[in-house]
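These protein sequences, in sequence, are chains G and C.
Note that the first sequence covers residues 1 to 253 in the UniProt record's numbering.
Note that the second sequence covers residues 1 to 253 in the UniProt record's numbering.
Hints are computed from structural coordinates only; laboratory data are not their basis.
Hints may contain errors.
The list treats identical chains as interchangeable, and a pair is accepted whether it falls inside one copy or across any two copies.
Distance condition first, Cα-Cα at most 25 Å in a straight line; then the derived DSS-like pairs of lysine-lysine [unchecked claim]:
#1 Lys216 - Lys113
#2 Lys216 - Lys240
#3 Lys120 - Lys201
#4 Lys99 - Lys139
#5 Lys47 - Lys113
#6 Lys157 - Lys99
#7 Lys216 - Lys192
Protein chains: 2
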Amino acid sequence: MIKVTLIGAGNVAQHLISTFLTATDIEIVQVYSRNPTTIIPEIDSKKIISNFSDLKEADVYIIAISDDAIASVSSQLPFENRLVVHTSGAAPLDSLNGKNRKGVFYPLQTFTKGKPVNFKVIPMCLETSIPEDYPILEKVATAISDNVHAINSHQRKALHVAAVFVNNFTNYLYQLGNEICIENHVPFDILKPLILETAEKLLTLSPKEAQTGPAKRNDVSTIEAHESFLSNENQSTIYKILTQSIQNHGKKL
Amino acid sequence: MIKVTLIGAGNVAQHLISTFLTATDIEIVQVYSRNPTTIIPEIDSKKIISNFSDLKEADVYIIAISDDAIASVSSQLPFENRLVVHTSGAAPLDSLNGKNRKGVFYPLQTFTKGKPVNFKVIPMCLETSIPEDYPILEKVATAISDNVHAINSHQRKALHVAAVFVNNFTNYLYQLGNEICIENHVPFDILKPLILETAEKLLTLSPKEAQTGPAKRNDVSTIEAHESFLSNENQSTIYKILTQSIQNHGKKL
Ligand SMILES: NC(=O)c1ccc[n+]([C@@H]2O[C@H](COP(=O)([O-])OP(=O)(O)OC[C@H]3O[C@@H](n4cnc5c(N)ncnc54)[C@H](OP(=O)(O)O)[C@@H]3O)[C@@H](O)[C@H]2O)c1
Ligand SMILES: NC(=O)c1ccc[n+]([C@@H]2O[C@H](COP(=O)([O-])OP(=O)(O)OC[C@H]3O[C@@H](n4cnc5c(N)ncnc54)[C@H](OP(=O)(O)O)[C@@H]3O)[C@@H](O)[C@H]2O)c1
Numbered sequence: 001m002i003k004v005t006l007i008g009a010g011n012v013a014q015h016l017i018s019t020f021l022t023a024t025d026i027e028i029v030q031v032y033s034r035n036p037t038t039i040i041p042e043i044d045s046k047k048i049i050s051n052f053s054d055l056k057e058a059d060v061y062i063i064a065i066s067d068d069a070i071a072s073v074s075s076q077l078p079f080e081n082r083l084v085v086h087t088s089g090a091a092p093l094d095s096l097n098g099k100n101r102k103g104v105f106y107p108l109q110t111f112t113k114g115k116p117v118n119f120k121v122i123p124m125c126l127e128t129s130i131p132e133d134y135p136i137l138e139k140v141a142t143a144i145s146d147n148v149h150a151i152n153s154h155q156r157k158a159l160h161v162a163a164v165f166v167n168n169f170t171n172y173l174y175q176l177g178n179e180i181c182i183e184n185h186v187p188f189d190i191l192k193p194l195i196l197e198t199a200e201k202l203l204t205l206s207p208k209e210a211q212t213g214p215a216k217r218n219d220v221s222t223i224e225a226h227e228s229f230l231s232n233e234n235q236s237t238i239y240k241i242l243t244q245s246i247q248n249h250g251k252k253l
Numbered sequence: 001m002i003k004v005t006l007i008g009a010g011n012v013a014q015h016l017i018s019t020f021l022t023a024t025d026i027e028i029v030q031v032y033s034r035n036p037t038t039i040i041p042e043i044d045s046k047k048i049i050s051n052f053s054d055l056k057e058a059d060v061y062i063i064a065i066s067d068d069a070i071a072s073v074s075s076q077l078p079f080e081n082r083l084v085v086h087t088s089g090a091a092p093l094d095s096l097n098g099k100n101r102k103g104v105f106y107p108l109q110t111f112t113k114g115k116p117v118n119f120k121v122i123p124m125c126l127e128t129s130i131p132e133d134y135p136i137l138e139k140v141a142t143a144i145s146d147n148v149h150a151i152n153s154h155q156r157k158a159l160h161v162a163a164v165f166v167n168n169f170t171n172y173l174y175q176l177g178n179e180i181c182i183e184n185h186v187p188f189d190i191l192k193p194l195i196l197e198t199a200e201k202l203l204t205l206s207p208k209e210a211q212t213g214p215a216k217r218n219d220v221s222t223i224e225a226h227e228s229f230l231s232n233e234n235q236s237t238i239y240k241i242l243t244q245s246i247q248n249h250g251k252k253l
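All chains should be built: construct the whole structure from the sequences, respecting the hints.
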């Protein structure tokens, strides 16, 4: 049984709490929330604290709070030489205060409030400042996920940038697609099966193999027809840049 | 029972054949393939023809061939005043020769050779040049799909452009994500659950609601860190343009 304390009560903390409660090898010692009225479902209210001075001994302290508060909160912890980890893809290991043993416990997924996730398939990206701590963090991660990876700070940075492309930027393209639908009186719902299939294709094909479309085929007449169809400047700029980039891809720009 | 003849033996034609064979209200009269050695699974070989002069009477002729061959092939059909439709999102209704009644039977999905699809959920976008033909095409579509829409040429053009954003461009972002992973020695597989979740989120949230990330939050320090991480010019150009576009979105550019 590994004893875990959570610091934070946001999106990630709440999802971690729900899944830790179902894991047989994990005991949640306490949950810290600076705002004691935050609703933390299913947790015994005696375990919810809002003063760092009330923190009890645990094997791991997981700080799941906004990136820019990690340094300050980790410096306020009233103990030393314990294992303290954050859950961020973007924050460096060294954003954690040096008085404790440091680590990262980064679930590479996008969480939505109220939407349950299956942690078993979520990649858990782990790093510890000293090798002796890795097995502890690994035990916590394998208690909830079958998809656990040792990822150093450089690799995590790369993953975080790549995640911006495949998640934030992709979702923005969905937004532009939605806009085009609204402007032309077609329901965006019609595109949803295509969106799902585009993502699911990656389970059988590499993105390179899966690439299709006018830019890839260098189908100039379709590209011209699309460009003259798009009257919105933002949409048409993005269309041109991505089309050119696909056409030139592999070549030196 | 509606009698359907398919002209073409490519990706779309083969998927349509497989699904028509399972539909109780559809009889496949013939399949035309210019190349008689093309493998067309499950079809009685006597029904496979490679001369237009062998074409028998049918209620609908579905031309599922490359966009730029639709005009020429439809002009070679040795009959008049029958219902002839194409399956393209990009080709206009008028690419079909005027000697027959025209229509469009556009399955809005990306098909992969050998990967079965569930037609029941695929949006079928229908158009006919005369209203009397619409019910015939609708019967064919509802025999295979629960997701049938009357879509005029202008709307189809909009959907096709929007599909480029949510399918071709999105897949290209997956390709850039994959590249970043390869360059930094992390397996691209780690990003796949995130990619799937990003698509699946649209079932509960609008893309606008689902938008997250440093650009959306205007988190300048993360954006700068990402920009200095990306040494590849193409990746960094796309990163900048999409980040700016998300930041300015809604504002006048
Ligand atoms: N969201 C995701 O999809 C995702 C995925 C992977 C990793 N992460 C990482 O997980 C961490 C938490 O993200 P999140 O999405 O859960 O954020 P969130 O939902 O915005 O929650 C942030 C939490 O941090 C607390 N907090 C902020 N500043 C604080 C301070 N100075 N002192 C104490 N508590 C403070 C907030 O408390 P109040 O409620 O009182 O404001 C809240 O509980 C971040 O490092 C993030 O990068 C997020
Ligand atoms: N692929 C998709 O995901 C998708 C989705 C929706 C709609 N569509 C539309 O469906 C249509 C077919 O696309 P596809 O993906 O099935 O194409 P495909 O797999 O490339 O197959 C093209 C077919 O057209 C035939 N063909 C080409 N030129 C011809 C000519 N001059 N005379 C006779 N046959 C000719 C080819 O015959 P050979 O085999 O002998 O070359 C082949 O059977 C297109 O209009 C496309 O826009 C495609």
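Here is what the structure says about each hint:
Taking the shortest Cα distances, Lys216 and Lys113 sit within 25 Å of each other only across copies (18 Å), while inside one copy they are farther apart (38 Å). With identical chains, the CA atoms of Lys216 and Lys240 are at most 25 Å apart both within one copy (13 Å) and between copies (22 Å). In the homo-oligomer, the alpha carbons of Lys120 and Lys201 lie at most 25 Å apart both inside one protomer (21 Å) and across protomers (18 Å), since each shortest distance falls under that limit. Within a single copy, Lys99 and Lys139 get their C-alpha atoms as close as 23 Å, which meets the 25 Å cut-off; across copies the closest is 72 Å, which misses it.
For the identical chains of this complex, Lys47 and Lys113 are intra-copy neighbours only, at 22 Å inside a copy versus 55 Å across copies, given an alpha-carbon limit of 25 Å. Within a single copy, Lys157 and Lys99 get their C-alpha atoms as close as 24 Å, which meets the 25 Å cut-off; across copies the closest is 61 Å, which misses it. Taking the closest pair of Cα atoms, Lys216 and Lys192 come within 25 Å of each other both inside a single copy (22 Å) and across two copies (23 Å).
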